[in-house]
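Use these hints to put chains B and C onto chain A, whose structure you have.
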Amino acid sequence: MDVKVNKKLGLKERYALMTRGLGWDTTYQPMDKVFPYDKFEGIKIHDWDKWEDPFRMTMDAYWKYQAEKERKLYAIIDAFAQNNGHLGVTDARYINTLKLFLTGISPLEYMAHRGFAHVGRQMRGVGPRVACLMQSLDEIRHAQTQIHSMSNYNKYYNGFHDPMHMIERVWYLSVPRSFFDDAYTAGPFEFMIAIGFSFEYVLTNLLFVPFISGAAYNGDMGAMTFGFSAQSDEARHMTLGLECIKFMLEQDPDNLPIVQRWIDKWTWRGTRVLTLVGMMMDYMLPKRVMSWKEAWEIYFEQNGGALFNDLARYGITVPKCAAQAALDKEHVSHQAWATFYQYGAAADFHTWMPSSSEMDWLSEKYPNTFDKYYRPRFEYFAEQHKAGNRFYNLTLPMLCQTCQIPMLFTEPADPTKICYRESDYKGEKYHFCSDGCKEIFDHEPEKYIQAWLPVHQIHQGNCFDPGVDPAAPGFNPLAAVLDHYHINQGRDNMEFEGSEDQRNFAAWRTMAAKN
Amino acid sequence: MQIDLRTVSIKPLRQTFDQVARHLGADKPASRYLEGTIRVQAESNFHYRPLWDPDHEIFDPSRTALKIKDWYAFKDPRQFYYGTYTIARARMQEAAEADFDFVESRGLADSYPAAAKGLALEVLLPLRHVAWGSNMNNSAMAAYGYGTAITQPCLYQAMDQLGIAQYLTRVGLLLADAEALDAAKQAWLEDPKWQALRRYVEDSFVMSDWFEQFVAQNLALDGFLYPLIYTYFDNALTAKAGPTVSMLVRFQAEWYAETVKWVDASIKVAAADNKDLVSGWTRAWRDRAVEAVAPLAARALEAEADAVMAELTEQFNARAAKLGLAL
Amino acid sequence: MSNVFIAFQRTEETRCIIDAILEDNPNAVLNEQPAMVKIDAEGSMTIKRATIEEKIGRSFDLQEMQIHLITLSGHIDETDDEFTLSWQH
Numbered sequence: 001m002d003v004k005v006n007k008k009l010g011l012k013e014r015y016a017l018m019t020r021g022l023g024w025d026t027t028y029q030p031m032d033k034v035f036p037y038d039k040f041e042g043i044k045i046h047d048w049d050k051w052e053d054p055f056r057m058t059m060d061a062y063w064k065y066q067a068e069k070e071r072k073l074y075a076i077i078d079a080f081a082q083n084n085g086h087l088g089v090t091d092a093r094y095i096n097t098l099k100l101f102l103t104g105i106s107p108l109e110y111m112a113h114r115g116f117a118h119v120g121r122q123m124r125g126v127g128p129r130v131a132c133l134m135q136s137l138d139e140i141r142h143a144q145t146q147i148h149s150m151s152n153y154n155k156y157y158n159g160f161h162d163p164m165h166m167i168e169r170v171w172y173l174s175v176p177r178s179f180f181d182d183a184y185t186a187g188p189f190e191f192m193i194a195i196g197f198s199f200e201y202v203l204t205n206l207l208f209v210p211f212i213s214g215a216a217y218n219g220d221m222g223a224m225t226f227g228f229s230a231q232s233d234e235a236r237h238m239t240l241g242l243e244c245i246k247f248m249l250e251q252d253p254d255n256l257p258i259v260q261r262w263i264d265k266w267t268w269r270g271t272r273v274l275t276l277v278g279m280m281m282d283y284m285l286p287k288r289v290m291s292w293k294e295a296w297e298i299y300f301e302q303n304g305g306a307l308f309n310d311l312a313r314y315g316i317t318v319p320k321c322a323a324q325a326a327l328d329k330e331h332v333s334h335q336a337w338a339t340f341y342q343y344g345a346a347a348d349f350h351t352w353m354p355s356s357s358e359m360d361w362l363s364e365k366y367p368n369t370f371d372k373y374y375r376p377r378f379e380y381f382a383e384q385h386k387a388g389n390r391f392y393n394l395t396l397p398m399l400c401q402t403c404q405i406p407m408l409f410t411e412p413a414d415p416t417k418i419c420y421r422e423s424d425y426k427g428e429k430y431h432f433c434s435d436g437c438k439e440i441f442d443h444e445p446e447k448y449i450q451a452w453l454p455v456h457q458i459h460q461g462n463c464f465d466p467g468v469d470p471a472a473p474g475f476n477p478l479a480a481v482l483d484h485y486h487i488n489q490g491r492d493n494m495e496f497e498g499s500e501d502q503r504n505f506a507a508w509r510t511m512a513a514k515n
Numbered sequence: 516m517q518i519d520l521r522t523v524s525i526k527p528l529r530q531t532f533d534q535v536a537r538h539l540g541a542d543k544p545a546s547r548y549l550e551g552t553i554r555v556q557a558e559s560n561f562h563y564r565p566l567w568d569p570d571h572e573i574f575d576p577s578r579t580a581l582k583i584k585d586w587y588a589f590k591d592p593r594q595f596y597y598g599t600y601t602i603a604r605a606r607m608q609e610a611a612e613a614d615f616d617f618v619e620s621r622g623l624a625d626s627y628p629a630a631a632k633g634l635a636l637e638v639l640l641p642l643r644h645v646a647w648g649s650n651m652n653n654s655a656m657a658a659y660g661y662g663t664a665i666t667q668p669c670l671y672q673a674m675d676q677l678g679i680a681q682y683l684t685r686v687g688l689l690l691a692d693a694e695a696l697d698a699a700k701q702a703w704l705e706d707p708k709w710q711a712l713r714r715y716v717e718d719s720f721v722m723s724d725w726f727e728q729f730v731a732q733n734l735a736l737d738g739f740l741y742p743l744i745y746t747y748f749d750n751a752l753t754a755k756a757g758p759t760v761s762m763l764v765r766f767q768a769e770w771y772a773e774t775v776k777w778v779d780a781s782i783k784v785a786a787a788d789n790k791d792l793v794s795g796w797t798r799a800w801r802d803r804a805v806e807a808v809a810p811l812a813a814r815a816l817e818a819e820a821d822a823v824m825a826e827l828t829e830q831f832n833a834r835a836a837k838l839g840l841a842l
Numbered sequence: 843m844s845n846v847f848i849a850f851q852r853t854e855e856t857r858c859i860i861d862a863i864l865e866d867n868p869n870a871v872l873n874e875q876p877a878m879v880k881i882d883a884e885g886s887m888t889i890k891r892a893t894i895e896e897k898i899g900r901s902f903d904l905q906e907m908q909i910h911l912i913t914l915s916g917h918i919d920e921t922d923d924e925f926t927l928s929w930q931h
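Those protein sequences? They're chains A, B and C, same order as listed.
If you read the first sequence in the working numbering, its first letter stands for residue 1, the second for the next number, and so on.
If you read the second sequence in the working numbering, its first letter stands for residue 516, the second for the next number, and so on.
If you read the third sequence in the working numbering, its first letter stands for residue 843, the second for the next number, and so on.
Don't read these hints as lab results, they were simulated from the structure.
Below, computed lysine-lysine pairings styled on DSBU-like, alpha-carbon distance capped at 35 Å: (1) C:Lys897 to A:Lys72; (2) A:Lys287 to A:Lys320; (3) A:Lys287 to B:Lys526; (4) A:Lys12 to B:Lys700; (5) B:Lys790 to B:Lys590; (6) B:Lys526 to A:Lys514; (7) B:Lys584 to A:Lys447; (8) A:Lys372 to A:Lys287; (9) A:Lys447 to B:Lys582; (10) A:Lys386 to A:Lys514; (11) B:Lys776 to A:Lys72; (12) A:Lys246 to A:Lys12; (13) B:Lys708 to A:Lys50; (14) A:Lys72 to C:Lys890; (15) C:Lys890 to A:Lys50; (16) B:Lys584 to A:Lys33; (17) A:Lys33 to B:Lys582; (18) A:Lys438 to A:Lys426; (19) B:Lys783 to A:Lys33; (20) A:Lys429 to A:Lys447; (21) B:Lys543 to B:Lys790; (22) A:Lys246 to A:Lys50; (23) A:Lys246 to A:Lys447; (24) A:Lys287 to A:Lys365; (25) A:Lys44 to A:Lys438; (26) B:Lys708 to A:Lys33; (27) B:Lys632 to A:Lys12; (28) A:Lys426 to A:Lys320; (29) A:Lys39 to B:Lys582; (30) A:Lys39 to B:Lys708; (31) B:Lys700 to A:Lys246; (32) A:Lys386 to B:Lys526; (33) B:Lys776 to A:Lys33; (34) B:Lys790 to B:Lys776; (35) A:Lys447 to A:Lys33; (36) A:Lys372 to A:Lys417; (37) A:Lys33 to B:Lys700; (38) B:Lys582 to B:Lys543; (39) B:Lys590 to B:Lys526; (40) A:Lys12 to C:Lys890.
Extracted from the complex, chain A is given alone in its bound form (with noise of 0.2 Å):
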């Protein structure tokens, strides 16, 4: 009789015995040795039974439907390649937004499978833990479909062949990079309120959803797989990083602040780094679903928004940064664009000027801002460009200590005017964007001193190949410096148009048109 009151258990009860149930107080060895790393940050956990699992699903359930989101993926990852579905797309111009999405966005989702491996086996609740490995193991597959999926935009087409090398060198990518490392290096509460909580709940829907829209509507069936079935992972993860930090705030009181410092700080990490995506939206799209600002104002403003009211009841307060990201939502992605359009000989895609048809778009979906501060700036590089004086920027840009993006943002209150922060730290001057990245900074110098600045590193030499010597007669150290990117000069850079991206996608478009 006993087995069939057994058969009676529900999906809670049966999960808490197949995940914490399997869990106990070691006593060979002292608990806080064996998980050494869970107190330092502060955070007081007097009951982690009290975890709430968010997802409820054991591994015999994951394998069973993972897999068949792995097929289905594949097959479609395969019919595209077979049938040049990269000749499908709206135009070659939307194809350098993948080449950001490898070479800025892959190499974070493996930080992240490795991250949560960390995290996963450190943390002293088993509940969390099991949680995070299944996160863990969700992110090599999100950066590994990212691969396989750009694998073939690879064979034909450049900026794409060496992504691993680049991440640890370029200088824009080390704005993505710089943020999974500051995450990774954190504490493990940090780190799920940074990946967890912040890119996982509050950001990442900005990046899968309307982006990944975005490329379905040019035609990119590839990227539309990946990033669909990427994001059905998401989903866990969300909700993951919503309970973490529910758990902690229900533990103790003395949580509060800690949890309230770092999603100030995270958030406006994250609202850094999605410039890039703001940019990849309105200016490489060829097609357009919605604006960043449209977008911004869904998936942070109401969805966030929704959140922190709905954590208002423990006290949580909307990051302070919201109120300048509610300003730059109309700014950043054309202070962005200009960025890259200049210096666009030192970047591994391609950047062109927005056609008229295009301004008059982004002239509709920015109204206050994008008319009266870029469009004459714009005109001004399209009309130069069209008189052969494509204007490149050859100088080095200051870049911000903390989010690692040049000094591109403008002042909150003053849009024709760069915004400038600094702080003295043991006798040095350090740089910022803005009052936010300033502020991180002053709270933790002696990790971001430490910053690997791309720039700096250039000054200081380092980004040469062995046996380069700078003090040749001739020596040109933008040439030099891009042979250390793995940048092909000529191929992976500067203007679109006239690339051989270009050329290539035309010729083998009118190749497919005939017979």
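The following block gives chains B and C in isolation, referenced to the frame of chain A:
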């Protein structure tokens, strides 16, 4: 524009990513396993040191005493990347599901002889905790190891061991009830016959060298435990009471036969340049593994136990010798 | 009260899931985008296994939604029979 893109035959500019071409020594078509694995982990110019381990970089080869020239020599003979891994496990879980359904729907658990059932529960259920220990150790190797070629399969191993712990939990729920799981946990914590094994597992949690941990967990402990339980004990139970329990642990038996190939391939690579070091670890953890599982063998196999342990030791030594170790 | 939402890839199976959600949640609003469908609802939304099974014509495990899911927002409560998203405030 409606065009039949299939008809176009265009010549690729390159066959694979440069990091893979450098590994292969030439630009030639590469498998998804290689493209998803080779040099995927960052190696240089880390921005910050871990607050929790400031003596090391984020990924740092000096977290083990192994000296390895090429960390991507550690290939997984199964060529598992996420897709092939989950699809392989989904097949195994489908078979396991069918077995559990069969046992349940035919009422085989109720008709299973009581003495055999008691023995099966006594021996198998505390192994949930051993599998969970392996999950912890393999997730540590996945986190602190160096190079995706070795860390990636460690995470798969960690998740497999979680799956095994969950299958063992289901055995408990099918043959008995949740209280049997509680009783097994008590035994794990207090019963003398489990203590040497529990000490082994807990000691392995605090090891600072992740490859020594690999040796202790995946080579030494599993090398004795899996054949003992899923071959010898399984045969003994089947002989006594029929194949019911054997069906419920088939996943583990098949899993071990598969994963041992990866463990062996990894040890072989490590031993090639570190023979003394890996041999020393293996010797020490073999001796402790024998001591840890002997009481379990005595309960599971009774009179046969000593002979089986001797046989397992002999097999283990022969296996180690084949992998290039001098025990 | 804030909105919760859930989004699915547009496929044959999700059509049934979406129909079930709209039937069980009169406050739900359908929002169609390229290759995806998003459903918003004020306060909370409940997805019922029984309704999906009726529409899809076979037994359905709510965890199967994982295959088609793109994203969601709100606190989750999951049982064998129902999957609920909600904000408490």
